[in-house]
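S.K.: Single-letter residue listing:
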Amino acid sequence: MKKIFALLLIFLITSTVTAQMKLGKEHSKLNISCQTCHTCEVPTKNDPCLVVCPREKMVTIYQKPEETPELIVIDQLKDRYGPVYFSHRLHAQMSEMSGGCGGCHHFNTTGPILNCNSCHETSRKRNDVSVPDLKGAYHRQCMDCHREWSHSTACNSCHLPIKEVKGTEKEQIAQRLKGRAHPVVLEPVKILYRTESDKGKLVTFYHDDHTKKFNLDCISCHKQESCSSCHDVNKKSSDSKTKVSDASKSKLSFEVQHKNCISCHKDDNCTRCHSDKELMPFDHQRSTGWTLKTYHAKLTCQNCHGSKIPFAKIDKNCISCHKDWDNETFNHAVTGLKLDELHSELGCDDCHADNNYAIKPACDNCHDDLSYPKDLPGKLIRK
Amino acid sequence: MPGKSRRDFLKSSALIGAGITGLSSSSAKATPKNILSPDRMGVLVDTTVCVGCRNCEWACKDAHGLPAGDLESYENRKILEQKRRPDPSALTVINEYSPGKYSNLPVDVKVQCMHCDHPACVSACIVGAFTKEENGSVIWDTGKCIGCRYCMVACPFQIPTFEYDKAINPLITKCDFCFDRTKEGKLPACVDICPVEALTYGPRMELVMIARDRIRRNPDRYINHIFGEAEVGGTSWLYLASKDFNDLGFPELGKDPAPGVSESIQHGIFAYFVPPASLYALLGGMMWLSKRRKELEQEEKI
Ligand code: SF4
Ligand code: SF4
Ligand code: SF4
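So the protein sequences, as listed, match chains R and V. For what it's worth, this note's numbering labels the leading residue of the first sequence as 1, then goes sequentially. For what it's worth, this note's numbering labels the leading residue of the second sequence as 1, then goes sequentially.
These are computed hints drawn from the structure, not numbers from a lab. Only a predicted model underlies this, so the values are computations on that prediction, with no experimental measurement involved. Using N, Cα and C, we set each Cβ at its ideal position, and we do this for glycine too. Do not take every clue at face value.
Unchecked claim - To give a feel for the contact side, a few chain V residues facing chain R, derived at Cβ under 7 Å:
id	residue
1	Val51
2	Cys53
3	Ala68
4	Glu184
5	Leu187
6	Glu197
7	Thr200
Given the sequences, and given the hints that come with them, work out the whole structure.
M.R.: If you want it as structure tokens, here you go:
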């Protein structure tokens, strides 16, 4: 009896080691401490001295949802029910906001994507019961979310009873999924958070400012969203552009509630967001003192401020951005003043000293008796 | 040596007992039954994993020849609005409670016999119908059962139930840890069907280690308590949860075996009793014995 057990153990150990040996050749160059997985100083192929799974910090797989398989047929465990046709790509798209690939492909080391059954045994009756079997692992992954939004544990939401299986399901489902992407997520314009803060009970969060103006990705904030925050059969879809959220009832800690905002608003004080009344949306003039007129109003924030968030302040000198402007490339008429022939020959800093366009242009470089705006170097075409 | 004198006394009381029923004293010696095997099996119920699908209820009935109906009919979650207890028509039931600290989903708790390591039912059974088997199961012999319902009163979890609605030969029923299935090397029916493997079947010692490991690795998910590890001296069925067990329908129990459980009975003194004709005389004798034993234990402690 003991012998059989020892043999089994050796078999188990060798089979897990072979699974782990499929690592990419380059894995030693990864930015992970070797000690995360190896217990000895110099691991070799024959003696990799691996620590016991799971190695939480080792999830390294990532694939763009678009590059992943559209449909996966899960049919290793047919019994009472037929196979499950899993719309992998749709789920991968949704997972971007809820933990990414690692949510399901947990403990996947570098290199190839391991099959679930490399760790989860197909038989429930087994020696090592510390890791769920394959049936348990699959159902935990799926049902954790599915029952949250469907409020049901009905088997037929994923399975077809075996007696109803016709064999044509795969083609039908593949057809239905072809090229299908997750629909665009409806965003609120603003969210009002009711808080208990003595710095102001109301936080007005302009969601669309952050996504459309400041160009934040969904996953900059929504990293660990539960599926049911979007999907819930009981949720009435609301067209309301304003969402109200009772943050004072939240179970989350102060740190967690502020984490997303603070990652950009590091230097702001509480009243930047907290107030006793609803705040106005972002206004360039009010926040920076610089009015965005005809041309600048058409630009995105990134056009001037670059893509790094939070945006850096920039000065008001035109040539800080418009580095290639001179009297030949710049059409002065856009300012409302069309220069006469004589003046259009001049360099910009002949009138705008030090290229500072915020101050009054100077005429006294050439003209002792003339001054702006009493005298003009051309014709006003617009006030 | 008080322990020795106590054992001597118990031996002699066994002889008295044997004398009452007219059995020879040789049959009253310890047997492999009612001895705790280090390899005894158990089930770890992780209530943070259970989805409350009630497939286990169906499988249990199906495996025990009870009317089970369609598996699909168990999808109706309305029934979870009431708290239920196991009864002769359902040896295990799922009850649902409000969410714990870990998620917003309700907590579902499977209820069945805990298969105690020091079972009060075994001790209470005056005819020795109940036994703790080597694989951990606490089972009973319907042929020996006289329907006195002492086990029902003794069980700290109120598990054994009586077929009150049966006029002829009503029997005691409870989860038998699928003794007939495990004997053949099969898994208990509920463990086998559970879609999420919320029920892990394995050697109890190993399950305790696994449970501790889960708590250590997920302190946000679990409260730091394995129900059944110590309660009433330990049970074969162990539970993990995300909230206090008192809020999940579990009784508040100490670490000592339930009152009335004593080593002597564990060692099977009464295991070979035959239901006697003069039951009441026997009951009287038993109660006297039990009373004496308690007095003696008291004396020992002093
Ligand atoms: S079958 Fe498993 S998941 Fe379903 S109710 Fe029973 S224990 Fe819970
Ligand atoms: S739970 Fe009750 S019926 Fe089950 S073994 Fe323990 S005392 Fe006996
Ligand atoms: S172990 Fe067997 S008898 Fe006990 S609850 Fe599970 S299926 Fe029912």
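S.K.: Quick check on V/Leu187 please, does its C-beta sit within 7 Å of some C-beta on chain R?
M.R.: holds, 6 Å
S.K.: Classify the hint on V/Glu197 as holds or violated, based on whether any CB of chain R lies nearer than 7 Å to its CB.
M.R.: It holds, given that the least Cβ distance between V/Glu197 and chain R is near 3 Å, below 7 Å.
S.K.: Can the hint on V/Glu184 be confirmed by a CB-to-CB distance to chain R that is less than 7 Å?
M.R.: violated, 12 Å
S.K.: Is the interface hint satisfied for V/Val51? The criterion is a beta-carbon contact with chain R at less than 7 Å.
M.R.: Result: holds, 5 Å to nearest chain R Cβ.
S.K.: When the nearest CB of chain R is found for V/Ala68, is that gap smaller than 7 Å?
M.R.: violated, 14 Å
S.K.: With a cut-off of 7 Å, does the beta carbon of V/Thr200 approach a beta carbon of chain R closely enough for the hint to hold?
M.R.: Hint holds; V/Thr200 Cβ to chain R Cβ min 5 Å, cut 7 Å.
S.K.: Given V/Cys53 was flagged as interface, is its beta-carbon under 7 Å from a beta-carbon of chain R?
M.R.: With a closest approach of 4 Å, the V/Cys53 hint holds.
Checked against the numbered hints given earlier, the structure breaks hints 3 and 4 and satisfies all the rest.
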